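Visitor: So you can see what is in the structure, the chains are spelled out below.
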Amino acid sequence: SAVISQKPSRDICQRGTSLTIQCQVDSQVTMMFWYRQQPGQSLTLIATANQGSEATYESGFVIDKFPISRPNLTFSTLTVSNMSPEDSSIYLCSLNPGQGGGYTFGSGTRLTVV
Amino acid sequence: AQSVTQLDSQVPVFEEAPVELRCNYSSSVSVYLFWYVQYPNQGLQLLLKYLSGSTLVKGINGFEAEFNKSQTSFHLRKPSVHISDTAEYFCAVSDPDNYGQNFVFGPGTRLSVLP
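The listed protein sequences correspond, in order, to chains A and B. Under the numbering used here, the first residue of the first sequence carries the number 1, and numbering increases by one thereafter. Under the numbering used here, the first residue of the second sequence carries the number 1001, and numbering increases by one thereafter.
In isolation and in its complexed conformation, chain B is listed as follows:
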């Protein structure tokens, strides 16, 4: 079964600094990869996804992620964060070869952007 690791449970960073949120997954077979953001008291919003093609994926709000198959990683980056980026970020995987496969989520990383 797939599993997702997010090594950092909390990441504090100052405003306008760069940030990287790490995500590793367990499977070496083909996967779909996702990053979701959850703002306080809100639902999940899709930031970006990797299905195939270019390993560098650009998402909304200036975020991007790079798929690294050899390292089974899908780290999320932003070159300059804003206070409004403070939220919980979840990495998720899905198996495209398994019809009906659900998402498997990582434990989440709480990003706190400090003034």
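Here chain A stands alone, though its shape is the one from the complex:
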């Protein structure tokens, strides 16, 4: 199974600032997914990141708020922009389960906005 390294593991940020979260995979994968887990809730898909094209966002998520980069087949970043306390969540990346991604997730980034 592929191994995902995600960082930072946690951060406390001031409202109005931005945070970029990174996920590095130890093998090449076509698709990566970004999820949000709000406090006490399940995981919700933010967007799908395909190498070489713009990310596809789910309903309720927009590129201006959550810009995503996918410069190559082993790396992706998610930026949480102009943060407010409502953005306090755990953010996780994962791989395409149907492509031998190993069904694994990054260890998550616990974000607190104050």
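Think about it this way: if two alpha-carbon atoms lie no more than 25 Å apart in a straight line, the pair counts; the simulated SDA-like pairs of lysine to any residue are: (1) B:Lys1049 to A:Val3; (2) B:Lys1049 to A:Thr104; (3) B:Lys1049 to B:His1075; (4) B:Lys1058 to A:Thr104; (5) A:Lys7 to B:Gln1045; (6) B:Lys1058 to A:Ser42; (7) B:Lys1049 to A:Ala2; (8) B:Lys1049 to A:Ser5; (9) B:Lys1058 to A:Ser1.
To spell it out: a stretch of chain B is covered by chain A in this simulated footprint if at least three of its residues, at any positions, have a beta carbon under 8 Å from a beta carbon of chain A; those stretches are: (10) 1039-1047; (11) 1105-1113.
Everything labelled a hint here was simulated from the structure, so no lab data went into it. These figures come from a predicted structure and were not determined experimentally. Think of the CB as a built atom: it goes at the ideal place given N, C-alpha and C, for glycine as much as any other residue.
Given the coordinates of chain A, assemble chain B onto it according to the supplied hints.
Guide: Leaving out everything else, chain B in the frame of chain A:
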């Protein structure tokens, strides 16, 4: 679109008792099914998965799950729980016939193992 139901938001159980966490999904087409566990302040860990083959799937930490296509269920069981099993458990599905399909998660079940 796929959806996943976990009927029990919280399940308290005494140590060494058996437990079943229920999961139902919406689609009648082929699916991949997963159970993940999230310990407090940690990320997701894969417990087990069903991709094809035997409907009884064994996972880590003594957990197992049974895929029931007619009932569209994938309930998780453990014959004897430990205090250390206290965690949040998420059922998830994926569509193997849809290239690039992401996971769809259930709302989660909080398992509390009591001494």
